[in-house]
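Protein chains in written order, with the numbering used here: chain A, 1 to 221; chain B, 1 to 264.
For the record, the hints were derived by calculation from the structure and aren't laboratory data. Treat the hints with care, since some could be wrong.
[As the list claims (entries may be wrong)] Simulated pairs of lysine to aspartate or glutamate, EDC-like, Cα-Cα distance not exceeding 20 Å:
| hint | chain 1 | residue 1 | chain 2 | residue 2 |
| --- | --- | --- | --- | --- |
| 1 | B | Lys253 | A | Glu10 |
| 2 | A | Lys36 | A | Asp53 |
| 3 | A | Lys11 | B | Glu129 |
| 4 | B | Lys109 | B | Glu73 |
| 5 | A | Lys139 | A | Glu48 |
| 6 | A | Lys139 | A | Asp155 |
| 7 | A | Lys11 | A | Glu48 |
| 8 | B | Lys253 | A | Asp145 |
| 9 | A | Lys11 | B | Asp257 |
| 10 | B | Lys173 | B | Asp245 |
| 11 | A | Lys36 | A | Glu48 |
| 12 | A | Lys11 | A | Glu64 |
| 13 | B | Lys253 | A | Glu215 |
| 14 | B | Lys36 | B | Asp3 |
| 15 | B | Lys41 | B | Glu16 |
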Amino acid sequence: MTVVLRNHFEKSLGRLQDHTLLLGSLVLQAVSHGIKGLVERDIDLAREVIAGDPGVDRMRYDVELECYGLLATEQPVAVDLRAIVSTLAIANELERIGDHGKRLARISLRISNQPQAIPLGDMAYMGDRALALVDRSLKAYAQRDVGQAKAVCGDDEYVDSLYKQAFNIILSYMMEKPQLITAGTHLIRAAHELERVGDRATNIAERVVYSATGELVDLNG
Amino acid sequence: MIDTVPPSRDGEYAIEARDLNIYYGKFRAIRDVSLKVHPRKITAFIGPSGCGKSTLLRSFNRMNDLVSSARVEGEILYHGANIYDRNMDPVQVRRHIGMVFQRPNPFPKSIYDNVAWGARINGYRGKMEELVEQSLRQAALWDEVKDKLNQSALGLSGGQQQRLCIARAIAIKPDTILMDEPASALDPIATLKIEELMHVLAQNYTIIIVTHNMQQAARASDFTAFLMMDADRAGSLVEYSTTRDLFTAPRDKRTEDYITGRFG
Chain A
1 MTVVLRNHFE KSLGRLQDHT LLLGSLVLQA VSHGIKGLVE RDIDLAREVI AGDPGVDRMR
61 YDVELECYGL LATEQPVAVD LRAIVSTLAI ANELERIGDH GKRLARISLR ISNQPQAIPL
121 GDMAYMGDRA LALVDRSLKA YAQRDVGQAK AVCGDDEYVD SLYKQAFNII LSYMMEKPQL
181 ITAGTHLIRA AHELERVGDR ATNIAERVVY SATGELVDLN G
Chain B
1 MIDTVPPSRD GEYAIEARDL NIYYGKFRAI RDVSLKVHPR KITAFIGPSG CGKSTLLRSF
61 NRMNDLVSSA RVEGEILYHG ANIYDRNMDP VQVRRHIGMV FQRPNPFPKS IYDNVAWGAR
121 INGYRGKMEE LVEQSLRQAA LWDEVKDKLN QSALGLSGGQ QQRLCIARAI AIKPDTILMD
181 EPASALDPIA TLKIEELMHV LAQNYTIIIV THNMQQAARA SDFTAFLMMD ADRAGSLVEY
241 STTRDLFTAP RDKRTEDYIT GRFG
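Just chain A, with the same shape it has in the complex (with noise of 0.2 Å):
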């Protein structure tokens, strides 16, 4: 049996990864949004998400000054200076994928007056398995699994290779219709920051295996 001599810190830093998963929580619904706006034309939605942003940011902060208390009245050592440090690149990521939803919100907006002429099935397809590796990072994260972790690096190789073949059916449909290539140049961005969302799950999982290890190592092939 293990006796914790230092229970109240202990609870700080379940308090800590509770108040990290719940800004997850949040980016996850801010990409989900982004997407659905983008692809439902749902100009309100995406009107939401942005208007939601600066909440995420505060919350980011909040987290990070948890973290500097911690640190300079805890004086963690080992697992739990792990712990903290890792949070603190963590809540970055996810702010930044709060950033990425932010930004398919306002594409949507930027072509919700151009046609509707290029299919968006695929951006769909493809922000769910970005939605999915951020949500498996978080689950890494919480339950301190390595294995779990490295399985979302190995899995954000699928979330590129869709992206590459957004990008090309995108461009077939401009060189086919210069008519649509305003529309297009917005989608393939649109694409492109759901491959970043995918790229920081893998960082936010290289974390929790520097969490749970002390290895810092570069998954992300």
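Mind docking chain B on chain A? Use the hints.
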């Protein structure tokens, strides 16, 4: 035992313990400790009370000889020679490997005489005033005491007394200084002064410190050895790493549990 300390640059070590076992009567206090201490670095011994860290430190300059029931097996090599060799003079050993204790223990004499004492006994033939000044300067005490060298050392504050004891140890020109909880009786400011002094001294001396203040080991040392009691209460070395590695990513679960305050 996990030992991730890289070899010293020139392959030379200040002190090397080999298969060290220390007994007090029938009780084994230290079991099978082997470790190499890097020269001109600060090495900290940490571990729970009774894990044998002070016993191990004291074996490095044969202080345990003063305990009649103590018995040492194995070797402690100092510049290649075993200090427990039958023809090794413990007084000579202690001249080269000095010691600073937990509570400052100046003699009830003047500040000057405290520093000059060891050198006089050893037949120092140089200019004593210069040696005293140099030693007090190295111990970062000169500016505070230069105008009252003839006053009693007992009038100094605890932190000043401890630095005086360090000056006294330095004055006989050792190359290694053992420190047994040197700051545990001091306030935080005096503690930081001692730690700063250790960093400066490490340019010229090898320092080994026992501390039960883990933050102090983390702040003030280059290498850290973690000792723990086995089921029979004999202390053994669990992990020996660079201080950075030990406090960020210890390899042994027992080290991690101890330094993060989780006891198995």
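Each hint, compared with the structure:
1. Lys253/B <-> Glu10/A: holds (17 Å)
2. Lys36/A <-> Asp53/A: Holds, because 16 Å separates the two Cα atoms, which is no more than 20 Å.
3. Lys11/A <-> Glu129/B: violated (59 Å)
4. Lys109/B <-> Glu73/B: Violated. Lys109/B to Glu73/B sits at ~39 Å, over the 20 Å cutoff.
5. Lys139/A <-> Glu48/A: violated (26 Å)
6. Lys139/A <-> Asp155/A: With Cα atoms ~15 Å apart, Lys139/A and Asp155/A stay inside 20 Å; holds.
7. Lys11/A <-> Glu48/A: violated (34 Å)
8. Lys253/B <-> Asp145/A: With Cα atoms ~17 Å apart, Lys253/B and Asp145/A stay inside 20 Å; holds.
9. Lys11/A <-> Asp257/B: Since the Cα atoms of Lys11/A and Asp257/B sit roughly 17 Å apart, the hinted pair holds (cutoff 20 Å).
10. Lys173/B <-> Asp245/B: This hinted pair is violated, its Cα atoms lying about 32 Å apart.
11. Lys36/A <-> Glu48/A: holds (12 Å)
12. Lys11/A <-> Glu64/A: holds (17 Å)
13. Lys253/B <-> Glu215/A: Holds, at about 16 Å.
14. Lys36/B <-> Asp3/B: holds (10 Å)
15. Lys41/B <-> Glu16/B: holds (14 Å)
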